[in-house]
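Peer 1: Construct all of the structure, not just a fragment, from the sequences and the given hints.
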Amino acid sequence: MKFNLTIFLSFFILSINIAQTYTPIEFENYSPLWTRISTTNKLPLNVQGYEIEQGYGNAPLVIHNNKMYNVYNIINKYYDGYYLEAINLTDGKLLWEDSYIGFQRNTRKVGLLPSIKDNIIELPIFAEYELPDFPLFPIWIHAKAEKNSYDLNSGVKIDSTSNILRDPLAKELGAYYSFVQNKVRSHLYTEGSNYRYLINKSLFNSITLEGLIQYESLTLSPSGLILDSIGLDITTKYPVSLNHLINLEDQSLFSFSISESGQDSTYVNQAYYHIFTRDLKILEQGDLSDKLPKSSAYSYTISYTDFSTFNILTYQQFSNGDNKLNYLSSFDRKGNLLETIDLRPLVLVNNQKTSNVLQSTIIYEDNVIKILFCVSKFENGKNQFTFYKTDGMGGYKQVKYLVATKDLKENIVMRKMYNIGENVLCLFNYQEHETQTTPTPVWPCWVMFSGKDFEIRTVVNDITIDHFDIYPNPLSNQLEIHNTHNAEGKMVIFDVFGKNVLSLNKIENEINVHYLAPGIYFVQIILQNGVILTKKFLKE
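Numbering (the working numbering), first residue to last: 1 to 540.
I should point out that these hints are in silico values taken from the structure, not numbers from a laboratory.
Hints should not be assumed to be uniformly reliable.
The list that follows gives simulated cross-link-like pairs (lysine-lysine, PhoX-like), each with its CA atoms no further than 25 Å apart [said to hold, decoys possible]:
{"hint": "1", "residue 1": "K334", "residue 2": "K294"}
{"hint": "2", "residue 1": "K334", "residue 2": "K117"}
{"hint": "3", "residue 1": "K324", "residue 2": "K389"}
{"hint": "4", "residue 1": "K406", "residue 2": "K377"}
{"hint": "5", "residue 1": "K281", "residue 2": "K117"}
{"hint": "6", "residue 1": "K291", "residue 2": "K237"}
{"hint": "7", "residue 1": "K201", "residue 2": "K117"}
{"hint": "8", "residue 1": "K42", "residue 2": "K67"}
{"hint": "9", "residue 1": "K324", "residue 2": "K353"}
{"hint": "10", "residue 1": "K67", "residue 2": "K117"}
Peer 2: As structure tokens, this is what we get:
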């Protein structure tokens, strides 16, 4: 009897440990619409961090029919696994999840941007592929391509290609975080039963002193053989110091790069952007140098991107490693400057004593594009979050100030910010000491705020592109349109050459487009008040 009681107590204690719940971020005297800690009891508590795929530039999430499909990569000793979650955006509830983690050689994996095709969601994966005696373990550099397929609604895993053997002549892939041979976060996508592998290299011409960004897009077979290869070279005036490559929601890519003349009295830097398809067809491009604040001490980084707009943060770097955030500028996809705001009065300095992290998104009011941004700061023992809204003409005002409740969470920082319909979705990262594990894990928490709390005016008569969703994308036969506010108007579909292929006198919820040739198309929605909204889709 004593033996049975011991087993029961041991099982009971273990169950408590596994089932222990942790509280999400809370704020003093404020309750958001919902919060969710994006962690799972299927993974060890002491994994150091959940790193969201595409963590910079507020790259778009995969949102479909008011549900969010999100991927994190798990960092322990190195990149060891992934966590895929499906969340209902109405209440923040978890719909389903899948996870994987490995600790031994050639068992680690990285999950990349998922894609939705009909009722299936596919997760492309970089799987570690190193020689058994690779000397840099636990670091891993080379990978092979895999994918998992899930039922979109239930999360049931339908298929996995992990059992397909790599061909001896297969392309050697650089994992997406690798900087070997100047590879900067290579990308992997699924294309039917094949893969699309895209890498970029930053090169330097020692004779002309020009820079060169070299893109390569490869079609790979399931076993890794190269089926097709396309290249794109972009020349810059000076050597390239920064090149971010960010996925957009229409399956195109946004590239932001900076070229620098050198650190001397004649120092000059230039900022470029390019938008191109995965097979490297340029859609938009431009030199932003004359549209951004200029100074020999200034540099730039991406703050936000989506299909139609992007924000660039101008900062000043000091010789001691400190920096100061000075300006925030928004552009449309044609490279037209929408507004620039002066951040200097806010004194956003980053040094050993103070940290100011800025995240931004785009909102629409009265058909005017404006910036909503938040500054995360730890000061006087408090994690503080101050929200500001611009007026679309360079002015801005504070619209909300929040303080996180003091508990065992430390270093709370906002990582991402999105305008979701009438609300604002934010991702926070923090160290969770409540686990009492070593090392202390870095966890993510989603918070959905009401747009009304930030004085965002969104009414039925103020319809924006965020109120329409088209799916599936890409598609084969049927195009479905989710019209959030049941807006009335007309519709036009045209191809990349501007040819009108379909006109409708009302906004339909379903359109049969099986007769269209494969390619990129645009849905233009013309509202009764004259506002024109455009969405892009890929016909396979």
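Peer 1: Against which earlier hints does the structure fall short, listed by number upward?
Peer 2: Violated hints: 2, 7; rest satisfied.
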